[in-house]
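Trainee: All chains should be modelled from the sequences, with the hints used to inform the complete structure.
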Amino acid sequence: MDINIVINNEEDTQRLIETIANKISNMSSNEVASYYFDMLMQLKRKDKEIEARVNEEKSKVALSFARVLREVLLVFDNEHTNCNSLIKSIEMLKTKLQNEFSKNNIDIIRPFEGENFDEKLHDVIGTVVCEDPSLDGKIANCISPGISMENKVILPAQVLVYAL
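Mapping the sequence shown onto my numbering, position 114 (from 1) lands on 183, and the numbers just tick up by one.
In short, the hints are calculated from the structure, not lab data. Do not take every clue at face value.
As the list claims (entries may be wrong) - Capping the alpha-carbon separation at 27 Å, the derived lysine-lysine pairs in DSS-like fashion look like this:
no. : residue 1 : residue 2
1   : Lys115    : Lys221
2   : Lys129    : Lys113
3   : Lys115    : Lys92
4   : Lys189    : Lys221
5   : Lys207    : Lys189
6   : Lys189    : Lys129
7   : Lys127    : Lys92
8   : Lys172    : Lys127
9   : Lys221    : Lys163
10  : Lys165    : Lys221
11  : Lys129    : Lys115
12  : Lys127    : Lys165
13  : Lys172    : Lys129
14  : Lys221    : Lys172
15  : Lys189    : Lys172
16  : Lys172    : Lys157
17  : Lys163    : Lys129
18  : Lys129    : Lys165
Mentor: Here's what the structure looks like:
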């Protein structure tokens with residue numbers, strides 16, 4: 070007896086309770102016990118699947134971070150005898166970081182002034198008073214860029230938003 074368990078809100082919870090009550094109302098005690106055991110095993114399988122996916126995501130993030138960190142350390146390990154070599158090293162680091170970000174599906178979230186605010190991508194840390202109603206609620210300034218990995222926001226961009 071497989072039952073699809075998806076609970077997103079109170080309605081789903083109530084629907085699940087009603088489904089279970091209907092299924093077990095005409096069962097013997099052994100059948101009820103077997104049914105609950107099957108549900109428990111199904112939940113354990115789903116829990117293991119979720120845990121495996123989370124661990125895989127953690128590994129991807131850790132590996133990506135380690136690659137980026139290695140590139141940063143390589144720049145700092147080089148001897149810089151003058152400002153020009155330091156500037157070249159920093160430019161090289163920027164290029165390597167961009168390449169690593171691209172390889173690992175890491176994107177920088179850097180909204181521009183006048184762009185629409187998106188609560189999934191941006192975090193409001195303050196407002197800028199304006200008199201233009203067309204700017205109300207739009208981004209005034211990006212204080213700190215955000216980061217997304219594989220289209221999932223890891224860190225939202227911190228922004229100032231226009232307000233009347």
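Trainee: Would the hint linking Lys129 and Lys115 be met if the CA-CA limit is 27 Å?
Mentor: 21 Å, holds
Trainee: Decide if the proposed pair is consistent with the structure: Lys115 and Lys92, CA atoms, cutoff 27 Å inclusive.
Mentor: 21 Å, holds
Trainee: Straight-line Cα separation of Lys115 and Lys221 no greater than 27 Å?
Mentor: Given that 27 Å is the threshold and the Cα spacing comes to 22 Å, the pair holds.
Trainee: Has the given pair, Lys127 with Lys92, been kept, meaning a C-alpha gap of at most 27 Å?
Mentor: 39 Å, violated
Trainee: Given the proposed pairing of Lys172 with Lys157, does the C-alpha separation stay at or below 27 Å?
Mentor: Holds, because 22 Å separates the two Cα atoms, which is no more than 27 Å.
Trainee: Check whether the Cα positions of Lys172 and Lys129 lie no farther apart than 27 Å.
Mentor: 12 Å, holds
Trainee: CA of Lys189 to CA of Lys129, is that 27 Å or under?
Mentor: 22 Å, holds
Trainee: Just to be careful, I want the Cα atoms of Lys165 and Lys221 compared with a cutoff of 27 Å; is the pair within it?
Mentor: 22 Å, holds
Trainee: Starting from Lys129, check that the Cα of Lys113 is at most 27 Å away, please.
Mentor: 24 Å, holds
Trainee: Given the hinted pair Lys221 and Lys172, is their alpha-carbon gap at most 27 Å?
Mentor: 15 Å, holds
Trainee: Between Lys189 and Lys221, does the CA-CA distance stay at or below 27 Å?
Mentor: Holds, at roughly 10 Å.
Trainee: Are the Cα positions of Lys189 and Lys172 separated by 27 Å at most?
Mentor: Within the cut-off at roughly 23 Å; holds.
In this structure, the one hint that does not hold is number 7.
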